[in-house]
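Guided by the hints, dock chain W onto chain F, whose structure is given.
Protein chains: 2
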Amino acid sequence: LSNWPLVQIVHRPGVLDLAWGHPDPSLLPLEAVQRAARRALDDYGSETLQYGHPAGPGPLRAWLADHLGRLEGRAPDADEVLITAGISHGLDLLLHHIAAPGDTVLVESPTYHLAVRILRDQGLRLAPAVTDEHGLRVDALRETLAGLRRKGRRAKALYLVPTFNNPTGVSLPLERRQALVEVAAREKMLIVEDDVYRELAYDGPAPPSLWSLAPEGVVARLGSFAKTLAPGLRVGWLTGPRDIVAALRDGGLLDSGGGISHFAGAITAALCAAGDYEAHVSGLRAAYGARRDALHQALEAHLPAGSRVTRPGGGFFVWVRLPEAGPSAAEALAGAEALGVSYLPGERFYLDGQGARTLRLAFSLYAPEELREAARRLGQAWA
Amino acid sequence: LSNWPLVQIVHRPGVLDLAWGHPDPSLLPLEAVQRAARRALDDYGSETLQYGHPAGPGPLRAWLADHLGRLEGRAPDADEVLITAGISHGLDLLLHHIAAPGDTVLVESPTYHLAVRILRDQGLRLAPAVTDEHGLRVDALRETLAGLRRKGRRAKALYLVPTFNNPTGVSLPLERRQALVEVAAREKMLIVEDDVYRELAYDGPAPPSLWSLAPEGVVARLGSFAKTLAPGLRVGWLTGPRDIVAALRDGGLLDSGGGISHFAGAITAALCAAGDYEAHVSGLRAAYGARRDALHQALEAHLPAGSRVTRPGGGFFVWVRLPEAGPSAAEALAGAEALGVSYLPGERFYLDGQGARTLRLAFSLYAPEELREAARRLGQAWA
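Chains as they are written, first to last, in the working numbering: chain F, 1 to 383; chain W, 1 to 383.
Extracted from the complex, chain F is given alone in its bound form (with noise of 0.2 angstroms):
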């Protein structure tokens, strides 16, 4: 019974594994959280552990209306922010509220493989959204929004990684994302922005968000602390349209037991209060930049002449292109395992099988000095 795992890691021993997208635990704010753990108990008092406002914990929900505001220039009010217990569960709550088993959704092609699983399980209907080295290409969805809607069908929601994408790296230009708010707008398609990235920017900020950009009722903005503190805590958000704020927040799930995070959103709320959480990202932006650098500049050393190496700037990846002689990624994994090194086929983030010339490598789990190890070995996989 004891050696039941408590995370989900799983550690293979003499493998640099890059395919994990999980945050450095040695860069998770432990004495922050300890600390406002004790806040949280002592200011909150029982009120940390009785059933929570369904819409999450007032105090959270005040200090991101006021942080968003001043990062983003646009501050949600009480009606437009929800409290969920990270982006999956946000995500999964949305999409069950919007859509119904067999409806459309289109998905970015790449975009971050286990929200695919997510709408997949929930039955819907999925089409890929083209993208080019610049993200989606709002030109392309005009046509497949036209498509659809010859075959009778049309889109119910758009989900997308605009912003440090996963597995690319790539941010969606400015003018492509007003662009895209407006044919979304026109379309009465909702867009689902996946932000988990934003604050993790390296080059200066993040692209202001679609739900920024966007008129009322346009865009569901997902954000979690999930990155820029903690995975564990299982603390994300919602900025988007009241009247899907309203319904969720009214709905059985959380009349019936409070808000879903409701403690550790608690505890979120004293370690932001407490200043912390700016100095821990300013932090993290330093230490994952590094890392950022130390890979990117080491696969561009070490692999093959003609790949095309993504230098993102901000979030946990980087995604290769492989030059087309030579093993596809799928192909090159066991030797490279073999070798000590492993990452994602790119295959994984595409609906429609395409991707076998590339492959995702995550730089959060591991120093700047592990990363050049692990660059070296790539190179020798494809060598």
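Warning: the hint list may mix true and false statements.
[Said to hold, decoys possible] If you anchor each label on the Cβ, the simulated ranges turn out as follows:
id, chain 1, residue 1, chain 2, residue 2, range
1, W, 367, F, 205, 50 to 56 angstroms
2, F, 10, W, 10, 52 to 58 angstroms
3, W, 353, F, 205, 55 to 61 angstroms
4, F, 242, W, 279, 42 to 48 angstroms
[What the hints assert, rightly or not] Heads up, incomplete: computed chain W residues facing chain F, CB under 8 angstroms, no partners named:
id, residue
5, 5
6, 281
7, 285
[Unchecked claim] Which stretches of chain W does chain F cover? Using the computed rule of at least three CB atoms under 8 angstroms from a CB of chain F, they are:
id, segment
8, 27-35
9, 124-135
Treat the hints as calculated values from the structure; they're not laboratory data. Because the structure is a prediction, the values reported are computed rather than measured. Note that the Cβ used here is the ideal one computed from N, Cα and C, for glycine as well.
Showing chain W alone in chain F's frame:
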């Protein structure tokens, strides 16, 4: 912003509000949780903050397996237990997996009204399972199932609270439990057992859970720390069929986010491992048992002649059946509130509009002397 509420409950000054089935804040284990938070962050270190195991924190599942084994004579193994964000979340997750919109689910009537909302939000077709003063009638259930079959329908699941029922306080007798699991096994209908009140037993142990009586595959039992420790933790569990546990554990939601109550679950594990659980629950049994007695006795003294008042063996609720003459529960509510007492009219708990002459009174939130005063005011309301 600073006024956004932290908790769900809304206090109405001057009203003894027996509508809320919430634990008394003064009975929440604030100090034990303080200690456990420190201990978890010390002992488990950064694992407390990493992505959690999708099935829930191993130490918590291991403690539960041992605890349930001693309590019920049947210990779930690792593949039979999943940590949820409370029963509401477990119910939502489970029904999304086993049923689709339009499917028929039976619900004992009366039953927990907010569970009904969770099921309705999923677009399920609900039908009542008939009860009498001892709980679900298995003979009537057989007829209901036969009736559905004649219409070409079948029930995917039956939801009930067989132990210290919400709202009636009644526990299903052993013979009916045995008959019920036999019927469900034969009909291949999953029993969804909401078992939240099991350990708050005031007159000796609760009857065995349906889960402990049934063969593999027949019962999914939902348990929780909401009443025994604190609802704000949002830590519950499911013990049930291996195929269901595996599908939920390996599904997109928990694969993407990791365990949904990881942080609170790790702290709960530390609290339980320290031995604080048994001590706390033993204190709750004494405190809530005294409240049950106080309210029950005072109601017998003050309610109009011909009223029937249940004396539940556990849980949070007394159920009142009013005499045929005089105002109904809904009709008397405004007058009762003017006198400074409130309750939930019984209709809320029925699927089929019955219950006009019943009401639910929660004795969990108030001290014995307040409950006696509440009963006096209720007597006045019907005088």
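Going through the hints against the structure:
Look at residue 367(W) against residue 205(F): about 54 angstroms separates their beta carbons, and that is inside 50 to 56 angstroms. Roughly 46 angstroms separates the CB atoms of residue 10(F) and residue 10(W), a value that falls outside the hinted 52 to 58 angstroms. The hint said 55 to 61 angstroms for the Cβ distance between residue 353(W) and residue 205(F), and at roughly 57 angstroms that hint holds. At about 46 angstroms, the CB distance of residue 242(F) to residue 279(W) agrees with the hint of 42 to 48 angstroms.
At its closest, the beta carbon of residue 5(W) sits 5 angstroms from a beta carbon of chain F; the interface hint therefore holds under the 8 angstroms criterion. For residue 281(W), the suggested interface contact is broken, since its CB lies about 15 angstroms from the closest CB of chain F, more than 8 angstroms. Contact between residue 285(W) and chain F, as hinted, is not supported at the beta carbon level, the nearest pair being about 19 angstroms apart and thus beyond 8 angstroms. Residues of the segment 27-35 of chain W lying with their CB closer than 8 angstroms to a CB of chain F number 5, which satisfies the three-residue condition for coverage.
For the segment 124-135 of chain W, the proposed coverage by chain F is not satisfied: 0 residues have a C-beta within less than 8 angstroms of a C-beta in that chain, short of the threshold of three.
The structure shown violates the earlier hints numbered 2, 6, 7 and 9.
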